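Asks: Now for the letters of each chain:
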Amino acid sequence: MSVITDDTPAEVEEYLAAVRATLSDLPPAERDDLLAEVESSLREAADDTGSIGARLGSPEEFATELRAAAGLHESRAATSHATIKETIERFVPRVAAARRVALELAPVWWAARGYVVVVGIAALAQSGWSTRYPVVPRFGNAEIGAAAILLASVASVVVGLRMRHAGGGSYRTVVAANALCVALAIPVVDHLGNSALQSTAYIATPTAYVQPGLVNNGAPVLNIYPYSLDGKLLHDVLLYDSAGKAIDIGGNPNVPNPDRRVLRTTGNGLLYNAFPIRYYEPGTVHVAHPNAGPPVKTPTALPAP
Amino acid sequence: MAPGRQYLRYCVKRSSLLRTVDRSQLLKGALDAATLAVVAEQDGYGYDVVRRLRAAGLTDVGDASVYGTLRRLYGAGALTSYVMPSDEGPHRRYYGVTDRGRAQLAESQTIWADFSQTLTRLLETKAEVTA
Numbered sequence: 350m351s352v353i354t355d356d357t358p359a360e361v362e363e364y365l366a367a368v369r370a371t372l373s374d375l376p377p378a379e380r381d382d383l384l385a386e387v388e389s390s391l392r393e394a395a396d397d398t399g400s401i402g403a404r405l406g407s408p409e410e411f412a413t414e415l416r417a418a419a420g421l422h423e424s425r426a427a428t429s430h431a432t433i434k435e436t437i438e439r440f441v442p443r444v445a446a447a448r449r450v451a452l453e454l455a456p457v458w459w460a461a462r463g464y465v466v467v468v469g470i471a472a473l474a475q476s477g478w479s480t481r482y483p484v485v486p487r488f489g490n491a492e493i494g495a496a497a498i499l500l501a502s503v504a505s506v507v508v509g510l511r512m513r514h515a516g517g518g519s520y521r522t523v524v525a526a527n528a529l530c531v532a533l534a535i536p537v538v539d540h541l542g543n544s545a546l547q548s549t550a551y552i553a554t555p556t557a558y559v560q561p562g563l564v565n566n567g568a569p570v571l572n573i574y575p576y577s578l579d580g581k582l583l584h585d586v587l588l589y590d591s592a593g594k595a596i597d598i599g600g601n602p603n604v605p606n607p608d609r610r611v612l613r614t615t616g617n618g619l620l621y622n623a624f625p626i627r628y629y630e631p632g633t634v635h636v637a638h639p640n641a642g643p644p645v646k647t648p649t650a651l652p653a654p
Numbered sequence: 003m004a005p006g007r008q009y010l011r012y013c014v015k016r017s018s019l020l021r022t023v024d025r026s027q028l029l030k031g032a033l034d035a036a037t038l039a040v041v042a043e044q045d046g047y048g049y050d051v052v053r054r055l056r057a058a059g060l061t062d063v064g065d066a067s068v069y070g071t072l073r074r075l076y077g078a079g080a081l082t083s084y085v086m087p088s089d090e091g092p093h094r095r096y097y098g099v100t101d102r103g104r105a106q107l108a109e110s111q112t113i114w115a116d117f118s119q120t121l122t123r124l125l126e127t128k129a130e131v132t133a
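In order, the protein sequences belong to chains A and B.
If you're matching positions, the first sequence starts at 350 in the working numbering and goes up one per residue.
If you're matching positions, the second sequence starts at 3 in the working numbering and goes up one per residue.
Because the hints were derived from the structure by calculation, they are not lab data.
None of these values were measured; they are calculated from a predicted model.
For every residue, glycine included, the Cβ atom is placed at its ideal position computed from N, Cα and C.
Treat the hints with care, since some could be wrong.
[Claimed, not checked] Restraint-style ranges between C-beta atoms, simulated for each label pair:
{"id": "1", "chain 1": "A", "residue 1": "Leu529", "chain 2": "B", "residue 2": "Glu109", "range": "16 to 26 Å"}
{"id": "2", "chain 1": "A", "residue 1": "Asp397", "chain 2": "B", "residue 2": "Gly59", "range": "32 to 42 Å"}
{"id": "3", "chain 1": "A", "residue 1": "Arg404", "chain 2": "B", "residue 2": "Gly59", "range": "15 to 25 Å"}
[Stated by the list, open to error] Reference listing, derived: stretches of chain B covered by chain A, where coverage requires no fewer than 3 residues with Cβ under 8 Å from a Cβ of chain A:
{"id": "4", "stretch": "53 to 66"}
{"id": "5", "stretch": "69 to 83"}
{"id": "6", "stretch": "108 to 121"}
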């Protein structure tokens with residue numbers, strides 16, 4: 350913030366700049382505020398007496414007197430490590446404030462500490478986790494795990510309160526115990542991270558994927574061509590599986606293929622298990638090549654036993 | 003008389019040291035009281051307070067001492083401050099006395115009355131002796 354106005358006499362301006370330089374170790378806001386007041390006074394003094402230098406002495410003397418009267422600390426030149434000290438002093442109130450907040454929130458940590466200890470032990474012992482609530486470990490069953498967490502949290506809070514009222518006990522012991530809890534938290538966080546992933550993951554089962562239609566050793570079967578022993582292609586053979594269920598390929602009554610030739614029953618049912626499947630010429634009800642089939646050379650069979 | 007001279011030197015040194023400390027302390031305390039009295043009479047800004055102190059007889063008082071004193075009394079809660087626009091230049095920071103400042107002033111008046119009475123009595127006695 351500049352406090353010097355355009356019509357400030359040059360002498361006052363120079364004097365103020367010199368005073369400002371001498372007060373450079375003060376916090377900027379405090380220094381500006383102080384100098385704003387000094388400036389308006391110096392302007393009037395200059396108007397009254399003509400020269401301010403003769404009246405006020407050197408800027409350094411002025412600054413020293415001002416500092417002493419205002420009860421401000423010594424300049425940096427006087428105390429060599431003032432900057433470090435100042436920095437610490439500036440931060441100490443914040444450190445103290447953070448400490449107060451931490452002390453107020455300590456019970457939250459105490460409760461969390463109980464959970465961390467139980468779950469940490471479970472994670473290290475790999476005792477398993479509740480399937481419904483992966484945050485709860487299983488000790489035999491999940492109910493015992495939940496009870497253990499509750500018990501440990503209450504015990505941890507009680508210990509925390511006792512330590513606080515008894516004056517803390519050994520500082521080193523407290524720090525070491527809390528550090529151990531933080532270390533235990535690592536496998537806990539690891540587990541919780543994994544369980545969060547698992548809850549959204551797909552569980553692969555053998556029945557998860559069903560290949561539609563017929564499959565012959567993994568290769569899809571698009572049609573079936575039955576032949577008689579004497580090598581003749583049969584038509585409209587109805588096929589059933591071992592359970593007596595009709596073997597259909599691609600037959601969907603909801604999405605009928607208008608070009609597929611489908612036999613109908615007297616009750617207006619559709620026979621999708623009639624093979625070979627035949628297709629009409631597009632737009633007609635005429636099968637162009639009813640005897641078309643794959644190049645098959647039927648073997649010569651011995652007479653049946 | 004070496005030990006005697008040494009003692010004498012010690013006394014001189016001690017008294018000069020005490021004089022320096024006392025004087026600065028005394029002046030500081032006196033300036034606080036004087037500044038509070040001036041501002042209590044009527045609110046004023048820095049240079050105004052300097053002028054009024056000088057007009058009252060404290061002709062040697064330094065400008066910087068007064069600004070610093072105002073600042074310190076303000077920081078201690080003895081003075082309140084407000085900014086007023088000025089026709090002649092930048093805004094002026096005016097100071098007024100708070101309740102705490104008035105209490106401090108009353109205390110200073112009591113201390114000063116006791117001190118000055120004692121000193122006056124002492125000095126009058128001395129004057130009679132030398133006369």
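Asks: Cβ-Cβ distance between A/Leu529 and B/Glu109: within 16 to 26 Å?
Replies: violated, 58 Å
Asks: Taking 32 to 42 Å as the hint, is the beta-carbon distance of A/Asp397 and B/Gly59 inside that range?
Replies: Once the Cβ atoms are compared, 18 Å apart, the range 32 to 42 Å for B/Gly59 and A/Asp397 is violated.
Asks: Checking C-beta pairs, does the stretch 53 to 66 of chain B have three or more residues closer than 8 Å to chain A?
Replies: Satisfied; 3 residues make the cut.
Asks: A range of 15 to 25 Å was offered for this pair. Does it hold for the Cβ distance of A/Arg404 and B/Gly59?
Replies: holds, 18 Å
Asks: In terms of beta carbon proximity below 8 Å, does the stretch 69 to 83 of chain B have 3 or more residues touching chain A?
Replies: Holds, because 7 residues of the stretch 69 to 83 of chain B bring their Cβ atoms closer than 8 Å to Cβ atoms of chain A.
Asks: Can the stretch 108 to 121 of chain B be counted as covered by chain A under the rule of three residues or more with Cβ-Cβ separation shorter than 8 Å?
Replies: violated (count 0)
In this structure, the earlier hints numbered 1, 2 and 6 are contradicted, and the remaining ones agree with it.
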